[in-house]
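K.L.:
Chain by chain, the residues:
Protein chains: 2
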Amino acid sequence: MGSKNLIVGQSGGPTAVINCSLYGVVSEAFRHGDKIDHVYGMVNGIEGFLAGTVLDFAEALPGESLKGLTTTPGAYLGSCRYKLPESLEDPVYPELFKKFEEMNIGYVFYIGGNDSMDTVSKLSRYAAQIGSDIRVMGEPKTVDNDLVMTDHTPGFGSAAKYVASTVREIVIDANVYEKKSVTIVEIMGRHAGWLTAASVLARKFVGDNPLLIYLPEVAFDVDKFLAKVEECLEKNPNVIVCVSEGINDGKGTFICELDNNVGVDSFGHKMLAGCGKYLENLVKNKLGVKARSVELNVCQRCSSSMMSGTDQKEAIGAGEFGVRAALKGETGKMISYVRKSDLPYAIAYGLEDVNQICNEEKTVPLSWITDDGSNVSEEFIRYALPLVQGSVEVPVGTDGLPAFVSRK
Amino acid sequence: MGSKNLIVGQSGGPTAVINCSLYGVVSEAFRHGDKIDHVYGMVNGIEGFLAGTVLDFAEALPGESLKGLTTTPGAYLGSCRYKLPESLEDPVYPELFKKFEEMNIGYVFYIGGNDSMDTVSKLSRYAAQIGSDIRVMGEPKTVDNDLVMTDHTPGFGSAAKYVASTVREIVIDANVYEKKSVTIVEIMGRHAGWLTAASVLARKFVGDNPLLIYLPEVAFDVDKFLAKVEECLEKNPNVIVCVSEGINDGKGTFICELDNNVGVDSFGHKMLAGCGKYLENLVKNKLGVKARSVELNVCQRCSSSMMSGTDQKEAIGAGEFGVRAALKGETGKMISYVRKSDLPYAIAYGLEDVNQICNEEKTVPLSWITDDGSNVSEEFIRYALPLVQGSVEVPVGTDGLPAFVSRK
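In order, the protein sequences belong to chains A and B.
Take the first sequence: its position 385, counting from 1, is numbered 385 in full-length UniProt numbering, and each next residue is one higher.
Take the second sequence: its position 263, counting from 1, is numbered 263 in full-length UniProt numbering, and each next residue is one higher.
Simulated from the structure, these hints should not be mistaken for laboratory data.
Positions of the beta carbon are idealized from the N, C-alpha and C atoms, including for glycine.
Keep in mind that the hints are not guaranteed to be accurate.
Across the chosen pairs, the derived CB separations fall in these ranges [said to hold, decoys possible]: (1) B:K179 with A:D90: 18 to 26 Å; (2) B:K179 with A:S367: 37 to 45 Å; (3) B:E360 with A:G250: 49 to 57 Å; (4) B:A227 with A:E59: 34 to 42 Å; (5) B:R407 with A:E379: 27 to 35 Å; (6) B:D342 with A:K98: 53 to 61 Å; (7) B:R407 with A:G250: 39 to 47 Å; (8) A:K180 with B:L366: 40 to 48 Å; (9) B:A227 with A:A348: 52 to 60 Å; (10) A:E361 with B:K235: 37 to 45 Å; (11) A:K290 with B:R407: 15 to 23 Å; (12) B:E102 with A:L343: 49 to 57 Å; (13) A:H32 with B:K284: 42 to 50 Å; (14) A:L343 with B:R407: 31 to 39 Å.
Quick list of in silico lysine-lysine cross-link-like pairs, BS3-like style, CA-CA up to 25 Å [unchecked claim]: (15) A:K204 with B:K67; (16) B:K362 with B:K251; (17) B:K99 with B:K328; (18) B:K67 with B:K4; (19) B:K99 with B:K83; (20) B:K408 with A:K235; (21) A:K408 with B:K180; (22) A:K83 with B:K179; (23) B:K204 with A:K408; (24) B:K277 with A:K277; (25) A:K67 with A:K408; (26) B:K277 with A:K284; (27) A:K228 with A:K251; (28) B:K408 with A:K179; (29) A:K180 with A:K286; (30) B:K340 with B:K362; (31) A:K362 with A:K313; (32) B:K180 with B:K284; (33) A:K35 with A:K98; (34) A:K408 with B:K235; (35) A:K180 with B:K408; (36) A:K180 with B:K83; (37) A:K228 with A:K290; (38) B:K99 with A:K179; (39) B:K179 with A:K408; (40) A:K224 with A:K284.
All chains, please: the whole structure from these sequences, using the hints.
P.N.:
See below:
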């Protein structure tokens with residue numbers, strides 16, 4: 001392959017480190033100027049690319065300014081939730097590859113979760129079908145940590161750190177009063193409870209809050225939940241309960257649906273809201289106890305102040321590793337994290353067949369959840385603790401607030 | 001006055017720096033060992049004191065551990081929402097002063113907001129009435145910034161910094177998609193919009209989000225609001241709107257009451273929830289636009305990661321100043337911040353008659369709100385910006401997460 005250009009896009013919801021993956025890809029590509037001429041970005045993913053919105057990183061973030069990506073949450077390039085057609089006979093594929101050829105693209109990088117790996121799968125299969133030598137690579141990203149064939153995903157460590165530290169602060173906030181109270185903290189996670197499980201890291205001693213942790217992997221029983229809360233209130237004036245947004249009755253009904261209207265997003269996912277509010281009202285009405293609910297909203301995935309140094313470093317590394325792999329001829333692969341050991345914590349980067357990843361979901365092992373479904377095990381803590389280590393200094397602007405890079 | 005003991009309590013909701021005020025009082029008291037023997041803390045405020053729960057700081061936080069208070073959010077001593085009876089003839093007053101005499105208390109410090117200053121007022125008036133030489137001093141505290149006779153209050157700067165940086169991150173989160181969307185951010189503030197106004201600091205250029213900011217000081221008109229949102233959507237795909245929880249129709253009805261049940265707390269305050277959710281549904285239904293709401297919940301008042309260095313320094317200073325003033329004979333006073341200049345920012349500490357402060361509320365000047373009530377002025381920015389300056393390094397524990405001090 002002669003000298004070619006590289007294009008990279010971001011897709012799906014933002015995380016604290018999706019721009020670190022982007023930095024890894026772009027900075028490594030710049031280091032291979034003999035093989036890669038231009039480094040382009042798709043603005044708003046594959047959908048924006050089809051509409052012709054592309055930027056050149058050498059112009060958009062020249063010199064040292066590129067580094068700003070490593071401390072900027074969100075998706076610098078913008079995102080999309082566009083699903084490529086299932087049939088490779090669809091005319092969008094030749095349209096895309098015509099555009100790639102026109103721009104002399106040799107390498108396509110796509111950073112995202114399950115749905116984005118679906119895009120990587122389709123593009124790489126289409127390339128194989130037409131005999132194109134364009135290499136298509138997936139960089140993982142999701143706060144949900146639900147991608148298969150990788151120890152964890154970039155974005156999870158920072159989100160887990162946000163959850164752990166915020167739940168700790170909510171515990172501190174609740175502890176100021178002696179009157180009995182229950183706080184329900186609702187945490188992101190439709191089908192996988194990884195992020196909710198991370199709330200266990202807020203616990204400082206045996207018997208400390210959060211006393212109860214409920215994940216969507218185990219059927220949620222409203223009566224057993226109320227009995228557990230009552231039991232906890234006997235010994236503790238303030239009870240903090242962490243629940244995944246996706247807790248359900250095990251038969252297909254989300255707890256939030258018991259009381260709420262839900263919509264459906266463009267991928268057919270149910271839009272959830274409010275199991276925290278539902279449980280708050282339940283505790284108030286059934287137990288007659290003061291209750292409140294806190295929904296850890298979008299800040300879980302876009303907080304820079306709780307970025308994990310480990311997460312940042314690994315995301316950059318995965319971006320760099322992906323470019324080197326593509327240059328060696330790899331395509332249709334997602335970069336994975338392979339854990340070598342817990343103590344000391346060490347990972348290696350790996351390459352996985354993207355077709356085995358897209359549209360699969362990795363949930364928390366049932367053996368890491370206690371028998372009554374109200375807590376997580378030491379194994380989870382051993383798994384998650386290394387991922388939240390290390391803090392990141394975010395540059396401060398002239399206004400004294402965190403300074404982020406953004407597109408013009 | 002011979003050698004006496006000092007007792008300090010915390011009351012009302014927590015803030016990021018209420019423990020800095022506590023540190024200021026306790027550390028300064030230790031510096032005057034010739035006049036102050038023991039430094040006691042009321043556990044859970046005046047209510048806990050009546051129940052006999054008191055700690056001795058020399059035992060509870062010996063040596064360097066005391067310093068941990070300066071980076072611990074929440075209320076180390078615990079809090080209460082106990083209102084002393086209006087009539088100074090009530091038997092609780094002799095009961096309290098008997099306990100003070102038994103403990104050889106010469107100085108009573110109470111850290112809190114309006115309701116706590118009411119406690120300081122009653123205790124100091126009762127002391128005067130019975131000819132007691134016990135000196136009673138108030139240390140201000142409130143994220144709401146609504147205490148009169150002070151430029152601002154300890155706790156506001158950190159909460160404002162949390163609001164500004166979090167709204168900035170919500171803007172970044174919203175900007176990843178190109179599809180039209182409206183995000184409603186609901187911010188603390190029943191009657192005073194100071195904290196919501198601080199969201200303006202998230203704006204990085206003219207025409208940047210948050211595009212609309214609504215405070216409770218100005219009557220909220222639902223139709224005008226919808227027209228404004230539509231106008232903004234013409235030029236911007238993503239519109240971020242910041243609203244105080246207490247926005248109202250100007251005739252006594254909170255916007256959240258249009259759709260929600262509300263309760264009343266023990267001080268007779270209405271318990272609010274959900275004007276963000278209400279406006280989210282309104283935008284969806286009336287404008288047919290994708291909408292979401294984010295309630296900045298308790299993290300506004302208990303986040304250590306966005307503690308303002310200025311706020312921290314001033315809270316400690318106010319605590320120290322108060323002890324020196326009490327030693328000089330002052331009583332019935334609240335420590336105030338007197339702004340000397342904006343550029344360079346400088347304040348002095350002052351002493352104000354607590355009777356003129358309690359049960360009053362300082363709202364945002366109408367001249368700092370734009371005529372149509374949907375924005376705040378440059379004057380507010382000039383006022384608020386110095387208060388969010390400086391970051392604080394929070395110590396990290398062996399688990400890699402922020403390490404806080406707590407009572408055993």
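K.L.:
Look at each hint and say if it fits the structure.
P.N.:
Each hint, compared with the structure:
no. : hint                           : result
1   : B:K179 with A:D90: 18 to 26 Å  : holds (22 Å)
2   : B:K179 with A:S367: 37 to 45 Å : holds (41 Å)
3   : B:E360 with A:G250: 49 to 57 Å : holds (54 Å)
4   : B:A227 with A:E59: 34 to 42 Å  : holds (39 Å)
5   : B:R407 with A:E379: 27 to 35 Å : holds (32 Å)
6   : B:D342 with A:K98: 53 to 61 Å  : holds (59 Å)
7   : B:R407 with A:G250: 39 to 47 Å : holds (40 Å)
8   : A:K180 with B:L366: 40 to 48 Å : holds (42 Å)
9   : B:A227 with A:A348: 52 to 60 Å : holds (57 Å)
10  : A:E361 with B:K235: 37 to 45 Å : holds (39 Å)
11  : A:K290 with B:R407: 15 to 23 Å : holds (21 Å)
12  : B:E102 with A:L343: 49 to 57 Å : holds (54 Å)
13  : A:H32 with B:K284: 42 to 50 Å  : holds (48 Å)
14  : A:L343 with B:R407: 31 to 39 Å : holds (32 Å)
15  : A:K204 with B:K67              : holds (20 Å)
16  : B:K362 with B:K251             : holds (19 Å)
17  : B:K99 with B:K328              : holds (24 Å)
18  : B:K67 with B:K4                : holds (24 Å)
19  : B:K99 with B:K83               : holds (18 Å)
20  : B:K408 with A:K235             : holds (16 Å)
21  : A:K408 with B:K180             : holds (19 Å)
22  : A:K83 with B:K179              : holds (15 Å)
23  : B:K204 with A:K408             : holds (12 Å)
24  : B:K277 with A:K277             : holds (12 Å)
25  : A:K67 with A:K408              : holds (16 Å)
26  : B:K277 with A:K284             : holds (20 Å)
27  : A:K228 with A:K251             : holds (22 Å)
28  : B:K408 with A:K179             : holds (18 Å)
29  : A:K180 with A:K286             : holds (14 Å)
30  : B:K340 with B:K362             : holds (19 Å)
31  : A:K362 with A:K313             : holds (23 Å)
32  : B:K180 with B:K284             : holds (11 Å)
33  : A:K35 with A:K98               : holds (21 Å)
34  : A:K408 with B:K235             : holds (16 Å)
35  : A:K180 with B:K408             : holds (19 Å)
36  : A:K180 with B:K83              : holds (19 Å)
37  : A:K228 with A:K290             : holds (16 Å)
38  : B:K99 with A:K179              : holds (24 Å)
39  : B:K179 with A:K408             : holds (18 Å)
40  : A:K224 with A:K284             : holds (16 Å)
Checked against the numbered hints given earlier, the structure satisfies every one of them.
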